[in-house]
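Starting from the given sequences, assemble the full structure and let the hints guide the process.
Going line by line, the protein sequences match chains W and Z. For what it's worth, our numbering labels the leading residue of the first sequence as -7, then goes sequentially. For what it's worth, our numbering labels the leading residue of the second sequence as 232, then goes sequentially.
In short, the hints are calculated from the structure, not lab data. Note that the structure is a prediction, hence the values are computed from the model and not measured. Cβ atoms here follow ideal geometry from the backbone N, Cα and C, with glycine treated the same way.
Derived coverage of chain Z by chain W (criterion: at least 3 residues anywhere in the stretch with Cβ under 8 Å from a Cβ of chain W; other residues may be distant):
#1 251 to 264
#2 277 to 291
#3 294 to 306
List of simulated lysine to any residue pairs, SDA-like, C-alpha gap at most 25 Å:
#4 Z:K295 with W:A23
#5 W:K106 with Z:D256
#6 W:K106 with Z:L237
#7 Z:K310 with W:T118
#8 Z:K310 with Z:E298
#9 Z:K295 with W:T115
#10 Z:K303 with Z:I314
#11 Z:K303 with W:A23
Computed, partial: chain W to chain Z, Cβ under 8 Å:
#12 I19
#13 A23
#14 V24
#15 A25
#16 A26
#17 A28
#18 Y31
#19 S32
#20 P33
#21 V34
#22 A114
#23 T115
#24 P116
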Amino acid sequence: MLANGTLVSDTNPMTSATRYLDLGQCITGGAVAAGAYAYSPVFTGLGFVRYAQYFIQSDQLGRVTFFHEVLPGVFCWGQTMFNMATISTSSWQPASGIPSNGSTLSTVLGGSGKFAFNNTAATPTTVANVVIKLFGG
Amino acid sequence: MLLDSLAEHGQIDESGNIVLSRGEDGSMQVVPVDVFTTFFGASETYDELIGEHTFTWNDVQYTKTAEELGYKQVFDVWKAQGIIN
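As C-alpha cells, then:
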C-alpha cells in the first residue's frame, strides 16, 4: 500500500527497508508567515513506515517544527518531531531527531494524513522546498 | 468582531485556526487564533492590522508591522474580499 507520492526505489540503502516513498514537494514553497503552519495536501494510504527523512531549503535562519497529523486533527510523532534551532541558507538539510522506532511509525502512518511546516520564528520564512521521504519495510 | 467576519467568509478551518491561504492542491496556510492575537491584539480594521504591533514571542519583545510578520498580503486580500474594512 503506497501513498499518493512517488515510489523512488525498491531499496533504501540507509535502512533494511525494501522500499521508499518520496512524497515530493509536499508542502508548497513560498513565504510562511510568522507563527503560521503550512499544511501539505492530504496523503492517503501511507501504510507501513519505519523510517522518515525530511529535507528543507529555507532562505533564512529560523526555528521550525515538523509534525505529521493523522486526520482528523490528531497530531502524532509529537509536535517537536523535528525542531531545528537554525536553518542554513540554500542548502538541503536532513532532519535531526527523526524517530527510528518502526513500530511507532507503522502505527501512526496507517492511514491518511498530512504534514505541516510550522514557522515558529517572529519573521516570515521562505521555504523553497520541503521533501519528505517515507521508508517502508 | 474580526473572528466572526472570518468565520462568515469561511476563513476558519475545522480546528478553529485562521486560514491565511489555500492552494488548489489542498495545501493551506493557517495560524492559530492565539498566535494571531499575540501579534495583532484586538486590531479589527485594515489600518490597525497593518500598523506596528508590540508583542512578546518566545520570551523576546518585538515591535513589527504586518509586512515584517508576513501578513500584509493576507490583510490586502481580506480587505479586497470585504472581510475587514
